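For reference, the chains in residue letters:
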Amino acid sequence: MAELRAYAALAGGQLRSVVSYRASFVVEMVTNLGSTALDVLTVLVLFSTTNAVAGFTLPEAILIAALSSCAFTLADFAVGNIDRLKTYVRAGTMDAVLVRPLSAMGQLLLMDLPFRKLLRLAVSASVLVVALVVNDLDWTPARVALLVVTPVAGAVFFGSIFVLSASLAFWWVDSGDLGSAFTYGGRDFTSYPVPVYSGWFRAVFAYALGFGFVAYQPALALLGRADPLGLPAWAGYVTPLVAVVAAAAAAAMWRAGIRQYRSTGS
Amino acid sequence: MDRLDARVLTISPSSPFRESVTTFGALAWSGFRRYATYRQATIAGSFTNVVFGFLRCYVLLAVAAAVAGGRPGGYDATQLATYVWVGQGLLSVVALWGWTELADRIRTGDVAADLLRPVPPVTSYLAADLGRAGHGMLTRFGPPLVVGLIFFPLYVPARWYTVPLFAVSVVLAVVASFACRFLVNATAYWLHDARGPIMLWMLSAGVLAGLYFPLRLLPDWLTVTLWVATPFPGLLQTPLDVLVERDGPALQVALVALQAVHCAVLLAVCAAVQRRAERKLVVQGG
Amino acid sequence: MSMIEMRGLRKDFTVRVKAGRLRREKRIVPAVDGVDLTVDGGEMIGYIGPNGAGKSTTLKMLTGILSPSAGTVSVCGLTPVPQRTRLALQIGVVFGQRSQLWWDLPLRESFALLRHIYRVPPAEHAARLTRCRSLLDLDGFLDTPVRQLSLGQRMRGELTAALLHGPRVLFLDEPTIGLDVVSKQAVRSFLAELGARGDVTLVLTTHDLADIERLCRRLVVIDHGRVVHDGTIDALHDRYGSRRRLVVDLESPLPDGFTLPGASVTAVEADRHRVSFALDTVSAGAAVAALMASAPVRDLSLVEPDIEDVVARLYTSVSGGP
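Residue numbers (this note's numbering), protein chains in the order written: chain A, 90 to 355; chain B, 521 to 806; chain C, 176 to 497.
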């Protein structure tokens with residue numbers, strides 16, 4: 090309980106820090122909102138050139154993009170800032186964090202909680218609402234549950250990807266923006282129907298890394314469509330499982346990373 | 521425009537032109553050297569460029585396959601693939617994002633030191649940026665292009681002058697990108713905290729330069745307005761359109777000429793802004 | 176009661192060294208090479224050494240940031256790395272070059288946040304803060320955002336921040352680095368008064384030996400990862416034969432063959448008008464008397480042994496050359 094209050098105090102401190110630059114905060118909030126809108130706009134522009142791309146219509150594509158966007162913005166708000174780990178390691182913030190009586194990860198996330206990204210959640214939620222309206226969906230209890238679970242599970246998945254790619258910095262401080270190939274790259278990948286991609290690239294991103302289960306497979310289940318790539322219908326319901334596996338991998342990697350930091354101190 | 525040349529105040533009787541070229545070259549070389557030290561980040565960055573290359577290429581090819589006639593925005597599949605892969609390589613040459621040096625120097629007050637130098641700040645920052653771009657061209661341009669060549673059929677230019685014209689267009693894109701970034705950073709002279717304008721720039725630059733999708737996919741009136749009224753398409757899309765010969769010879773050359781006009785205007789604005797900022801610094805002491 | 180115990184403490188770093196054009200060799204470098212040290216409750220020790228001697232590495236192992244390669248370490252009866260969060264409640268840490276404070280918030284709010292993080296009862300927190308406010312003279316800038324504080328003000332804030340949860344051990348890594356003379360004095364007197372009360376154990380690394388002279392009775396010198404001296408400052412002077420010096424200005428040049436019993440001439444300057452004697456066995460009074468009797472003295476001054484010189488000599492003697 091006391092610990093929770095400590096974390097809440099950290100988040101509160103960050104909120105007061107950012108609003109002390111009021112004008113900047115407002116601009117950052119608006120631009121963040123804009124960037125999420127732009128992601129959706131890109132899908133809109135590409136899919137409105139023709140009736141269907143890779144067999145998917147504009148409304149169907151919007152549903153996939155919306156699910157992806159909800160999962161990503163949620164994860165990006167909660168843990169996206171962990172990709173600043175490189176800076177923390179270099180500036181010694183990591184040392185300061187380790188001498189405090191709270192978990193390192195909790196402190197790093199809450200100390201820098203990106204309130205400017207809050208409005209993004211609203212944008213992606215409204216796009217999802219639009220997607221649900223423009224698609225003629227046949228609602229069943231299972232689909233309602235799926236709709237609720239998918240963004241959360243997707244967020245856990247993206248959060249894990251954020252942690253995994255940020256943890257790289259423990260071994261490789263100069264990893265630059267390598268991590269964004271998987272975080273932002275993952276967001277781009279999941280914004281489109283998987284059949285758009287092909288070959289080994291599709292196999293790696295969709296199935297080996299699991300990005301196919303963030304938005305595409307659940308969207309198929311919501312739409313009641315068969316997967317043109319042949320995965321069975323239940324594949325739309327395994328997102329939570331994929332998320333748990335990813336989270337376990339992320340936790341293991343983070344712990345190994347902290348151990349590595351403790352043995353090298355760099 | 522007289523503040524734009526790299527003239528060094530010198531009493532040496534030797535040719536002032538040669539002196540300024542030497543100074544400019546030395547500054548550019550320093551920009552090059554500075555980026556050459558981040559070797560690992562260069563490798564990591566190229567990897568990321570390649571991943572995004574695959575993502576964007578597959579999406580655009582899927583669109584091309586679905587569009588009747590297979591030419592969305594007037595590009596065929598090989599042109600689109602080339603657009604994407606060369607675009608990924610050019611991205612770090614024109615460097616739309618991630619330059620906050622001037623804003624940081626203004627915030628910390630270090631910018632005052634720039635005024636002590638005998639070279640006008642716009643010139644010295646431009647030189648350093650050209651050096652940086654040169655380094656980007658040597659290290660970051662190639663990898664995505666090679667990967668693209670291995671995995672996708674790319675477009676081979678048919679006109680003899682396309683490649684040289686592309687080179688000119690790239691240089692103009694770098695200069696225009698620099699000028700835009702300079703102006704965005706320079707808002708810190710008046711705002712103290714340029715994070716807002718910098719974010720706004722980062723947001724608009726990517727999409728308006730044609731990174732996420734070729735701007736030709738937009739309605740014609742919008743495309744033309746963007747091209748003529750803003751420098752954005754000149755930052756990335758123009759060089760790419762020139763290379764894949766999207767337009768007839770006349771328009772191809774005209775687009776580069778338009779880039780040149782934008783560059784001249786932008787640099788003049790940079791110089792004017794810098795003059796105002798210096799006056800503010802001198803009069804108000806920052 | 177011992178507050179800090181280190182037994183055979185080692186820390187090895189693996190560095191990759193360029194060997195040839197592309198090949199890189201792994202080499203193991205011991206940063207801390209078998210340190211044994213016991214610090215009792217209430218002690219103030221100065222932990223010094225040249226750059227790269229292993230000071231910070233030791234401090235990081237004591238605070239739970241780094242795990243040792245070998246040996247044992249215990250602070251307040253806890254093992255730092257596995258019991259990191261429990262230990263964190265018992266210790267305070269000040270890193271001279273990195274901040275524990277919230278950059279954009281007023282100092283006062285940073286302190287309030289730390290109360291939550293360390294779960295300090297409000298009354299205790301208030302009492303400690305009041306004491307620090309008066310001793311460190313914080314009132315003038317409590318409501319200023321940390322980013323606008325001068326370095327000296329910030330350091331006073333950092334010290335307060337490290338003490339608000341009533342730590343039993345305070346680790347200070349270069350607390351006076353970069354401070355102006357006045358701030359240095361303020362920080363030193365505060366630490367001296369803290370040490371005098373005897374309820375906090377203080378471990379201080381520094382480059383500024385004046386810190387040590389002012390604050391620490393016990394001095395631990397580390398070089399190449401090993402303890403090369405552990406004792407008082409006087410013991411250091413005795414051991415390395417640093418002596419007081421008598422510098423004399425003469426009316427006329429020093430005659431050839433002049434000797435002063437129990438002292439040796441260390442320098443002759445200004446056309447033999449200025450002479451420095453090292454007082455080997457003779458007392459200052461006797462030496463002055465002897466001089467006045469045998470030479471035309473215009474002026475004289477007594478120079479205390481300089482700890483910097485001693486330590487510099489110590490470093491070079493262990494390292495086998497500068």
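Keep in mind that the hints were calculated from the coordinates and are not lab data. Keep in mind that the hints are not guaranteed to be accurate.
[Claimed, not checked] Once the Cα atoms are required to be at most 25 Å apart in a straight line, the calculated DMTMM-like pairs of lysine to aspartate or glutamate come out as:
| # | chain 1 | residue 1 | chain 2 | residue 2 |
| --- | --- | --- | --- | --- |
| 1 | A | K175 | A | D201 |
| 2 | C | K359 | C | E479 |
| 3 | C | K193 | C | D208 |
| 4 | A | K175 | B | D624 |
| 5 | A | K175 | B | E621 |
| 6 | B | K800 | B | D630 |
| 7 | C | K359 | C | D318 |
| 8 | C | K201 | C | E218 |
| 9 | A | K175 | C | D314 |
| 10 | A | K175 | A | D316 |
| 11 | C | K201 | A | D263 |
| 12 | B | K800 | B | D713 |
| 13 | C | K359 | C | D312 |
| 14 | C | K359 | C | D314 |
| 15 | C | K193 | A | D263 |
| 16 | A | K175 | A | D263 |
| 17 | C | K359 | C | E388 |
| 18 | C | K359 | C | D424 |
| 19 | B | K800 | B | E539 |
| 20 | A | K175 | B | E765 |
| 21 | A | K175 | C | E479 |
[Said to hold, decoys possible] Here are some chain C residues pointing at chain A (derived, C-beta under 10 Å):
| # | residue |
| --- | --- |
| 22 | Y293 |
| 23 | Q328 |
| 24 | Y415 |
[Said to hold, decoys possible] Chain A stretches covered by chain C per the calculated footprint, using a threshold of three residues with CB under 8 Å from any CB of chain C:
| # | region |
| --- | --- |
| 25 | 103-113 |
| 26 | 155-162 |
| 27 | 277-291 |
Quick caveat, the model's predicted, so the values are computed rather than measured. Ideal Cβ positions, reconstructed from N, Cα and C, are used throughout, including at glycine.
- Message: Hints numbered earlier in the text: which of these fail when held up against the supplied structure?
- Response: Per hint list: 8, 9, 10, 18, 19, 20, 21, 23, 24, 26, 27 violated.
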